[in-house]
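Since chain A is already given, all that's left is putting chain B on it; use the hints.
Residue numbers (the numbering used here), protein chains in the order written: chain A, 1 to 285; chain B, 1001 to 1285.
Hint data in this document are derived by calculation from the structure and do not stem from the laboratory.
This structure is a prediction, so every number in the text was calculated from the model and none was measured.
Note that beta-carbon positions come from the ideal geometry of N, C-alpha and C, so glycine has one too.
Hints may contain errors.
The calculated label-pair distances, taken between Cβ atoms and stated as ranges, are [unchecked claim]:
1) A:E206 to B:D1240: 44 to 54 Å
2) A:Y283 to B:E1034: 49 to 59 Å
3) B:D1025 to A:E33: 43 to 53 Å
4) B:R1114 to A:D267: 55 to 65 Å
5) B:D1240 to A:K83: 46 to 56 Å
6) B:R1250 to A:I209: 42 to 52 Å
7) A:T257 to B:E1034: 27 to 37 Å
8) A:G115 to B:P1028: 15 to 25 Å
9) A:D167 to B:G1191: 32 to 42 Å
Pairs of lysine to any residue, SDA-like flavour, derived with a Cα cap of 20 Å [as the list claims (entries may be wrong)]:
10) B:K1254 to A:D106
11) A:K169 to B:S1166
12) A:K159 to B:D1103
13) A:K178 to B:Y1163
14) A:K165 to B:D1167
15) A:K159 to B:K1254
16) A:K165 to A:D116
17) A:K159 to B:D1177
18) B:K1165 to A:R29
19) B:K1178 to A:K178
20) A:K169 to B:D1103
21) B:K1165 to A:D106
22) A:K159 to B:Y1130
23) A:K165 to B:P1135
24) B:K1180 to A:D160
25) A:K178 to B:K1159
26) A:K169 to B:D1168
27) A:K165 to B:D1160
28) A:K180 to B:K1159
29) A:K159 to B:K1169
30) B:K1159 to A:H174
Number of protein chains: 2
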Amino acid sequence: MIIDRLYEEVEKKGNVCVGLDTSMDYIPREWIEEFKEVDEIIFRFNKRIIDATYDIVSIYKLQIAYYESYGLEGLKAYSRTLKYIREKGSLSIGDIKRGDIADTADKYARGHFRGDFETDFITLNPYMGYDSISPYLEYMKDGSKGIFVLLRTSNPGAKDIEYLKSDDKEIYYHIGDKLKDMGMDFIGKYGYSLIGSVVGGTHDEEAEIIRERYKNMFFLIPGYGAQGGKADNIKKYLIDGNGGIVNSSRGIIKYYTNFKDGVERFDEYTRQAVIDMRRDIGYEK
Amino acid sequence: MIIDRLYEEVEKKGNVCVGLDTSMDYIPREWIEEFKEVDEIIFRFNKRIIDATYDIVSIYKLQIAYYESYGLEGLKAYSRTLKYIREKGSLSIGDIKRGDIADTADKYARGHFRGDFETDFITLNPYMGYDSISPYLEYMKDGSKGIFVLLRTSNPGAKDIEYLKSDDKEIYYHIGDKLKDMGMDFIGKYGYSLIGSVVGGTHDEEAEIIRERYKNMFFLIPGYGAQGGKADNIKKYLIDGNGGIVNSSRGIIKYYTNFKDGVERFDEYTRQAVIDMRRDIGYEK
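So here's chain A without its partners, still in its complex pose:
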């Protein structure tokens, strides 16, 4: 099962998930001039990061909004990057946060679990209810695909709706409790389900409670670094150093911009950013 593979990747390589949220602003001017076409420029930049880090990174996450912002060319780069990650034997998450009614959800599933945009995991938004989640389960029966559903996100606005209490229980607990149950039919050999969730690393209140309550859930943890998530808080969402992946985007893919010789030694600096982060969040091998 794909969640078992993710578990094993984390055991071998640590918890770092590199967010390939690639903006043209992040790419060295020299490389932009070299390649000219947007899809080639973005793909080459991503490839460079992947080549420099794939042996120390458990998974890559692509925020599709960055690619959509460049239209068809951007989505071509999205597609090529996902294919390249697969060729390297690595795993990927399409951070698409889709959420829609049943027929439409099935179309999104086809779009992101098959064809040009095929990826191993996708993120989903549960606002419209559980019939907006269940269509994806059809594609998960053979164990080849997984989902991460938004529970408690890393942004300040999380408080607006996710934190509202109903029957003395926050909305994110309502959703989490339901997903935990849905996940019982999709448990892998290490005890984690194909239905994971997104839990922001910027909030640490109740971290132990959430980890304890959702033992069968793998967590995708955004918010480390740029958004202010601290390593000590984030570690609370892990079990024996596994059961979660921690995303960093700008902190890694823009790390080279901190150095005068950043462009010449791009691979080295990018790799160092991953190693530093990995150590910070508790990797000890």
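What follows is chain B alone, placed relative to chain A:
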């Protein structure tokens, strides 16, 4: 302002919003064989519908999931269809239901208010909070773009989260109240704001209350027809026959399949489906 244009389109042409949720399964076999490439097949089908109906339809809505399901080719058809609608002088909604943190939301705004996927209105998912909505407002200051935010959707799962009560008030009212306030800075000459909302036509409990409570909101009303929304219920969401658009997808774009000579008389039948629906929901001119 674009919301004024929509109001005027409704005055002239009625409340029908045609959902171009185009699946290859809906397209006559003869036309598929004629054009071969997916993007050309889908675009030609959409064009045929637009040509047959643009003088009796206030706006077209494209559910992007259908296009994503065909990968890059599908999105090319999405882009071409949006451009064609603009060329015809008609309005469009990109039904994308995106929702993400600030930086990412800005990327989605660029992706769907500019460039290949430019459209007049987009739909948004509010689950992550109001900082996932506010980045779009920057693009709305000149009045050229608008949004429809999910409040109470048309699917059975709407009950799972949207209907939960917090402080004795359903989640959709929490969101609606906030959006109403946010909309005060974006009111057009007919009293409607650029911040509209999605209110499913399948639920009619409280329809009058919702209409009364959110006087400044234009409603995008899905669920008519295939999903079971009845005309009498839907009318309750309108004010003097305006202030809302009613979406139908399969009921219109597949209507021709009900007839033996459906393919030969495709334009005529498709047009008839719009005229029938328009009358059903109260158009009297």
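Each hint tested on the structure:
no.: 1; hint: A:E206 to B:D1240: 44 to 54 Å; verdict: holds, 49 Å
no.: 2; hint: A:Y283 to B:E1034: 49 to 59 Å; verdict: holds, 58 Å
no.: 3; hint: B:D1025 to A:E33: 43 to 53 Å; verdict: holds, 46 Å
no.: 4; hint: B:R1114 to A:D267: 55 to 65 Å; verdict: violated, 33 Å
no.: 5; hint: B:D1240 to A:K83: 46 to 56 Å; verdict: holds, 54 Å
no.: 6; hint: B:R1250 to A:I209: 42 to 52 Å; verdict: holds, 45 Å
no.: 7; hint: A:T257 to B:E1034: 27 to 37 Å; verdict: violated, 52 Å
no.: 8; hint: A:G115 to B:P1028: 15 to 25 Å; verdict: holds, 24 Å
no.: 9; hint: A:D167 to B:G1191: 32 to 42 Å; verdict: holds, 37 Å
no.: 10; hint: B:K1254 to A:D106; verdict: holds, 19 Å
no.: 11; hint: A:K169 to B:S1166; verdict: holds, 9 Å
no.: 12; hint: A:K159 to B:D1103; verdict: holds, 18 Å
no.: 13; hint: A:K178 to B:Y1163; verdict: holds, 16 Å
no.: 14; hint: A:K165 to B:D1167; verdict: holds, 8 Å
no.: 15; hint: A:K159 to B:K1254; verdict: violated, 43 Å
no.: 16; hint: A:K165 to A:D116; verdict: violated, 40 Å
no.: 17; hint: A:K159 to B:D1177; verdict: holds, 16 Å
no.: 18; hint: B:K1165 to A:R29; verdict: violated, 52 Å
no.: 19; hint: B:K1178 to A:K178; verdict: violated, 27 Å
no.: 20; hint: A:K169 to B:D1103; verdict: violated, 30 Å
no.: 21; hint: B:K1165 to A:D106; verdict: violated, 29 Å
no.: 22; hint: A:K159 to B:Y1130; verdict: holds, 9 Å
no.: 23; hint: A:K165 to B:P1135; verdict: violated, 26 Å
no.: 24; hint: B:K1180 to A:D160; verdict: holds, 15 Å
no.: 25; hint: A:K178 to B:K1159; verdict: holds, 14 Å
no.: 26; hint: A:K169 to B:D1168; verdict: holds, 14 Å
no.: 27; hint: A:K165 to B:D1160; verdict: holds, 14 Å
no.: 28; hint: A:K180 to B:K1159; verdict: holds, 19 Å
no.: 29; hint: A:K159 to B:K1169; verdict: holds, 16 Å
no.: 30; hint: B:K1159 to A:H174; verdict: holds, 12 Å
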